[in-house]
Structure formats: structure tokens, C-alpha cells
Amino acid sequence: METGTVTYGSLCYLLVLLVPIIAINLKLKIFINKKLVWAVFRMVVQLSLVGLFLKFVFELDNPLINVAYVCCMILVAAISGIKSCDMGGARLFFPILVAFALPSLSMLVFFNMFVADLDHLLNARHTIPIAGMLLGNSLSSIIIGVNTFYKGVRNNRKEYLYSLSLSNARVEALMPYFRKGLLAVANPMLAGMETIGLVALPGMMTGQILGGALPMTAIKYQIAIMLAIFMVQYLAVIVAIVLTSMRTFDSYDQLIA
Amino acid sequence: MIHMDKIDLAFDGRVLFKHFSLAVEKGEKVLISAPSGTGKSSLVKMMLGFVRPDRGRIVIDDQVLSRKTLAACRGKICYVSQDVDLRDEVVALLLTEIFSYKSNRDAPYTPVALAREMERLDLDPRVLKKTVGQLSGGERQRLGIIICLLLNRPIWILDEVTSALDETLKQRVIQAVVDADSTVVIISHDDLWNASGTPRRVAW
Chain A
3 METGTVTYGS LCYLLVLLVP IIAINLKLKI FINKKLVWAV FRMVVQLSLV
53 GLFLKFVFEL DNPLINVAYV CCMILVAAIS GIKSCDMGGA RLFFPILVAF
103 ALPSLSMLVF FNMFVADLDH LLNARHTIPI AGMLLGNSLS SIIIGVNTFY
153 KGVRNNRKEY LYSLSLSNAR VEALMPYFRK GLLAVANPML AGMETIGLVA
203 LPGMMTGQIL GGALPMTAIK YQIAIMLAIF MVQYLAVIVA IVLTSMRTFD
253 SYDQLIA
Chain B
2 MIHMDKIDLA FDGRVLFKHF SLAVEKGEKV LISAPSGTGK SSLVKMMLGF
52 VRPDRGRIVI DDQVLSRKTL AACRGKICYV SQDVDLRDEV VALLLTEIFS
102 YKSNRDAPYT PVALAREMER LDLDPRVLKK TVGQLSGGER QRLGIIICLL
152 LNRPIWILDE VTSALDETLK QRVIQAVVDA DSTVVIISHD DLWNASGTPR
202 RVAW
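Heads up: the sequence lines are chains A and B, in that order.
Sequential numbering of the first sequence, starting at 3, is according to our numbering.
Sequential numbering of the second sequence, starting at 2, is according to our numbering.
In short, the hints are calculated from the structure, not lab data.
Treat the numbers as computed from the prediction; the structure is a model and nothing was measured.
Do not rely on the hints blindly, as some may be mistaken.
[Stated by the list, open to error] So, partial list: chain A residues that the calculated Cβ filter (under 8 Å) puts toward chain B:
{"no.": "1", "residue": "164"}
{"no.": "2", "residue": "169"}
{"no.": "3", "residue": "170"}
{"no.": "4", "residue": "254"}
Yeah, the Cβ is synthetic: ideal placement off N, Cα and C, and Gly gets one too.
With the hints as extra help, turn the sequences into a complete structure.
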């Protein structure tokens with residue numbers, strides 16, 4: 003693949019373009035410059051380190067190292083997922099970890115085995131970026147789904163208790179909020195799928211095309227990855243809500259905190 | 002049917018119940034009247050297993066209320082709250098959902114029975130096509146009572162269920178309750194319950 007057009011120098015041009023934005027922020031008293039500089043700095047450093055590290059990992063291409071790398075990604079995803087969930091707390095670590103790991107890993111193996119049809123099931127060039135895509139998307143969907151679910155139960159406490167008295171089964175009484183959580187994740191995804199490609203080319207495809215791949219190759223991968231992401235997100239939310247709710251309700255079916 | 006034995010309950014450091022006991026026999030109708038904020042709704046929540054007393058024992062139909070008997074106990078009680086806290090959905094859909102719950106599948110719910118109860122409480126059939134949010138307070142209360150009548154559970158707990166009804170409808174609801182075989186706990190400020198002569202009054 004030929005990627006010669008972006009040099010380190012040309013990246014600096016883009017950074018220079020931040021200067022007017024910083025000036026505008028100063029002028030308009032929008033106090034995000036510190037945050038902006040810090041975010042850009044972190045992005046550059048993080049991606050550079052990842053780049054160096056991936057270069058090393060790709061050269062080794064050792065299945066064990068690849069798997070270990072994916073496990074680290076899952077761990078980081080779970081930690082940042084817990085931080086962003088209202089319910090929070092260490093007691094949810096295991097449920098959230100499983101919600102990230104189970105759907106993403108299953109899909110990763112399936113994808114590599116049947117879709118990408120790889121000779122080496124866990125080769126670095128596929129495993130790591132695809133796992134990243136799946137986990138990154140799981141992160142946002144788990145946060146949205148779990149938060150929507152618990153917000154629904156908390157804000158409608160009387161409703162929930164009344165349903166509970168009518169059904170006397172927690173699962174039945176929680177079902178409406180569960181549905182809401184799942185829809186909060188599925189609806190934007192389906193809307194995104196409907197319009198994909200019409201306005202903006204998705205990031206992965208853009209990257210592939212700029213990197214020199216044929217548009218049709220990029221499109222095939224894009225379709226495959228979209229489907230994979232949708233399924234993983236959907237399942238991750240289900241697993242996250244089901245497993246966390248085992249720890250967030252007491253034996254009298256009351257939401258704890 | 003309902004036995005509460007030496008119940009203690011404190012909420013945010015405030016003592017609501019201290020050695021409180023209450024016995025409601027089978028088929029009995031009991032009217033609980035007490036000033037607001039003195040724990041009436043906590044009492045109901047304890048009976049339903051939503052709130053655990055700090056001390057004491059609750060027995061529902063010969064079963065001590067505990068984690069293990071929770072579902073069985075709740076299944077014997079039909080609770081109607083003042084605002085009838087149903088989700089803001091189309092009423093007909095909600096009714097279908099409620100009567101498709103596993104524990105309610107044996108309830109005598111048929112379109113005919115529904116129509117009969119709606120007529121008895123003067124509830125317009127068009128209500129079925131509205132969403133809960135579109136109903137008036139009185140319509141909601143009647144809907145809650147109709148659900149209770151159709152669920153036909155042995156114990157009813159009615160929390161201020163006549164507050165938004167006019168005199169005639171109040172009388173009809175009271176008559177329906179008095180005529181029922183179920184054990185009924187009524188929480189109400191309404192003097193009409195007293196006038197009907199049937200419920201035993203428990204006050205504090």
C-alpha cells in the first residue's frame with residue numbers, strides 16, 4: 003500500500019491551522035483552549051506511541067501477543083465504560099468486562115474465520131484494528147444503553163413499583179426500560195446505516211482508500227464491519243444490562259442507589 | 002390474611018413505626034386513616050415487600066414475607082396507587098401487557114369482563130384507545146380499580162383511590178369493594194368509606 007502523501011511535516015501544517023481557532027476562542031471568551039491543546043497533545047502522543055507499538059506488534063505477529071493486546075483493549079474499555087456509567091462502582095466491573103469481552107471476542111473470531119478468511123486466525127493486521135472497531139463502538143453503546151436503562155428505572159420509580167405489584171416478576175417489570183435502553187442504541191445505528199456513504203464516507207473506508215485500497219475492497223470490508231459492529235453493539239448492551247442488573251437490585255427488587 | 006407483628010421502621014432517622022401491629026382477617030375490609038406523612042404509604046410498601054421493616058414480621062396469607070416468599074406474597078395482593086402509575090402508553094396495549102404477565106394468565110380477563118367492569122364504573126370505552134397521559138385523574142383511578150377487579154387477587158390494597166371521583170362514582174367504587182370477597186386494606190381520607198359502615202377503622 004502506498005501512503006506517501008502525509009508526511010510529518012504536512013501534519014504540522016494542520017496543527018498550525020489550530021492557531022486561528024485558539025484566537026477565536028480567546029476573542030469569544032470560550033474557555034476551551036487549555037482543553038483543546040491538551041486533547042490534541044494527548045491524541046498526537048497516544049497515536050504515535052500506538053503507531054510505534056503496533057509496528058512492533060505487526061512485525062512480530064505473534065498470536066499470543068495479539069490476544070494479549072486485545073485483552074488490554076478490553077480492560078481499558080471496561081474501565082472507561084464504568085467511569086461513564088451513572089451506576090458506576092467496582093461491583094459492576096465484572097459485568098461490564100464480560101459485556102465488552104463476550105460479544106466482541108466471539109465476533110472477532112467469527113469475522114477472521116469466515117469473513118476475512120485468514121490463514122492465521124489471529125493475525126495482527128486484522129485482529130487488532132477490528133477488535134478496536136468493535137470495542138470502541140461497544141463502549142459508546144454500553145454507556146448509552148446502560149444509562150438509559152437505569153435512568154428509566156430511577157426516574158419512573160413509582161411506575162416500576164406499580165408494574166412490579168401487577169406482575170410480581172422483576173424481569174417483566176423492567177422490560178419497558180430494557181427495551182428503551184436497547185432502542186437508544188439501535189435507532190441511531192440503523193439511521194446511520196441507512197444514510198451511510200451518501201454524505202460522508204465512513205472513517206474506515208476513507209482510511210483504506212487513502213491508504214491505496216480499491217474502492218470495492220474497501221466497500222466490502224465496510225459492509226462486513228458495519229454488520230459486525232451492529233451485532234456486537236446490540237449484544238453488548240443486552241449483556242451489560244442483564245449482568246449489571248443482577249447486582250444493582252436487592253433481593254426485594256429495589257434498585258440499590 | 003395480613004399480620005404485621007411488632008414492626009419497627011425508621012426513615013432518614015425519623016421513626017415511623019415502633020412496635021406496630023396490625024391484623025386483617027380474611028374477607029375483612031380495613032380503613033386506615035392517619036394524617037399525611039405518618040407512614041401510611043410506607044405501611045403499604047412494607048406489605049408489598051417494597052420496603053423492608055427494620056424489625057418485625059409480616060405474614061401474608063400464612064406465609065412470612067421474606068426473600069423466598071416475596072413473589073408468592075406479592076402475587077396475592079393487588080395494589081392500586083393514588084395516581085395509578087401506569088406507563089404513558091395506549092391503555093388497551095397496557096391491559097394486554099398486564100394480563101399477559103406470567104402470574105396473571107389465569108385472571109378472568111376477557112373483553113366481555115372488561116366491558117362489564119367499565120360499564121359498572123362508568124368508564125367510556127374510548128378510553129382504551131387513549132394513552133395514559135391523556136386520561137383524567139378520575140379515569141385513571143377507575144382504570145386502576147378495574148385492573149384490580151379483573152386481576153381478582155385475594156388481597157386488595159387501595160391507596161386513596163377515590164380522591165378524584167365524583168360522589169356517584171365514589172359510591173359505586175365503595176359498593177364494589179364492599180361486595181367483593183377479597184380482603185381489602187383501604188387508605189383514604191374520604192368520609193364516605195366510614196358512612197358505608199363496612200370497613201373497620203384503624204387510625205393513629
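Run the structure past the numbered hints and jot down the numbers of the failing ones, going up.
Result: no hint breaks.
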